[in-house]
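Engineer: Respectively, the protein sequence lines represent chains A and B.
Using our numbering, the final residue of the first sequence is 328, and nothing's skipped along the way.
Using our numbering, the final residue of the second sequence is 328, and nothing's skipped along the way.
Hints were generated in silico from the structure; no laboratory data involved.
There could be a bad hint or two in this list.
It does not matter which identical chain is meant; a pair holds if it fits inside one copy or across any two.
As the list claims (entries may be wrong) - For lysine to any residue, the following SDA-like pairs were computed, each having C-alpha atoms within a straight-line distance of at most 20 Å:
no., residue 1, residue 2
1, K47, E80
2, K250, A204
3, K47, D148
4, K207, N20
5, K207, Y285
6, K207, E245
7, K207, G247
8, K207, P21
9, K250, R130
10, K299, A204
Computed from a prediction, not measured in an experiment: that's the story for all the values here.
There are 2 protein chains.
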Amino acid sequence: MNPHITVREVGLRDGLQSIQTILSTEQKKTWINAAYAAGQREIEVGSFVPARLLPQLADTAEVVAHAKTLPGLEVSVLVPNLKGAERALEVGAHSMLLPLSASAAHSAANVRKTPEEMLKTLAEIRALRDASGSSCVIEVGLSTAFGCTIQGDVPEDEVVRLLIAALDAGAERVGLADTVGYADPAQVKRLFSRAFDALGTRRDLLSCGHFHDTRGLALANVMAALEVGVTKFDASLAGIGGCPHAPGASGNVSTEDVVYLLDRMGYSTGIDLSALLTLRKQIAAWLPGEQLGGSIWRAGIPRSVSGART
Amino acid sequence: MNPHITVREVGLRDGLQSIQTILSTEQKKTWINAAYAAGQREIEVGSFVPARLLPQLADTAEVVAHAKTLPGLEVSVLVPNLKGAERALEVGAHSMLLPLSASAAHSAANVRKTPEEMLKTLAEIRALRDASGSSCVIEVGLSTAFGCTIQGDVPEDEVVRLLIAALDAGAERVGLADTVGYADPAQVKRLFSRAFDALGTRRDLLSCGHFHDTRGLALANVMAALEVGVTKFDASLAGIGGCPHAPGASGNVSTEDVVYLLDRMGYSTGIDLSALLTLRKQIAAWLPGEQLGGSIWRAGIPRSVSGART
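Could you put together the complete structure from these sequences and hints?
Structural biologist: In structure tokens, the structure reads:
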């Protein structure tokens, strides 16, 4: 039996932060409502970074408040630091994701901190959360885990070391992210397998694969991760996201393509692909001129004697 | 150790036959020379169908003659019938590929014959080849093996039956083709594994996987096929090909993406990816307004401490 696979929507955060167009709060609410109606039960709705840096996400508090009205939806936000974590706790997000770069060079460029400093921040966030009495789950996304545009290769030993260090410092879930689209399927299998082994009894805490389609391998990487036991994937509707270092390059793996892949292989996702494709059309209309990704929307769901397999 | 994997170029046939632009014979020769210089050693250079049906490929005889001047290159052509096979033998192609639809509905639409009638044609072609004294290899590509836009699902039993029937009727090599982009990785593994098992001592004669990227799964399917022992893939530079039933949909899996995937996973292909990307640029310039595919050309080969991994 194929297990249930969770597809977490990150388009409202990782997607929208990387494009020019700023969606209105109402549009974001409409997106969240429709994604929820289509069956999505985990959505990263924004991030708590200074609005001058990411005006696209300045309304995150209001978006969280709306998303929390939908029963059974896990509402998550990205937080880059302690201040962001305070905001996440204030608004009552169900989970918060702290990015931790496996590449020291990327860490310096992205958050102006070393990985060790980020681990200290993580411990402070954990203490804050514990003191607050909140049940907000603390997740660490290990970015550039498969390579880095600045430093190139990232040693697998270092990735595994940081995963363990993150759990030791207070993270309750961890994930591996191919931030720049360098991963290949063999590497995905090898690194996730090594990480599962190294985590031992804590292996279930490594829950998520986050892949970008920058070089076209995202779906092959999803499939590779599935084969070694990964059960949750981040994805962005219409593949929005892009990459500042590669003009025209695609961004996050597209939600609808991941759901199609999983559907077609017989995994259950709880998500209605047709509804997702309808939502994609709506969002594409909101983002004129933006580079969109994904494939299944073009040719549509295959004809099958047994009916559309969604 | 990862085995050597062959990437056969089919862009000059499957690609060019599906687009509007007609490349000149000189352009085709330049393409073949550059693909050869980049390391490709199997190229399907055209097909012997009536020129009024496919004016794009009307110069196939001249293109074959040129390609045959390149030492060690296997020059193949597609032949839809006995007359095409006669031409292939006349011009001295090294191999000829006869398409055989696993879907009866597709067979009727594509060649106006039943699969059984095509098997009879195959036997006639084999007799002709044997009588001629030629060493031209006869290959059968089992099209719509993973599903059909007209009839929907194609029974796996029927696919396996036709593979065996094709070998019994005189084919010396067979391949499975996802002509319409319906395949998913689980299906690819299942069907190739079933076919290898059913062929028994003749399993090495099932050599090739032919995938279209119509729904974005082509690279995931290549990877799935690799995992069950497939060692040759058809691919089209720049992913040209399209699909007449899906405007804007991508065509064959792109050669450069397949080579990138294989390179990155440590397989040897003998092909220089940088040279292929240079050629892609040339061909893109020859095809203004045509829908091209592929991903790696956008963002480029990843930075690696150990240097570009081509």
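Engineer: So, against the hints stated earlier in the document, which numbers end up violated here?
Structural biologist: 3, 9, 10
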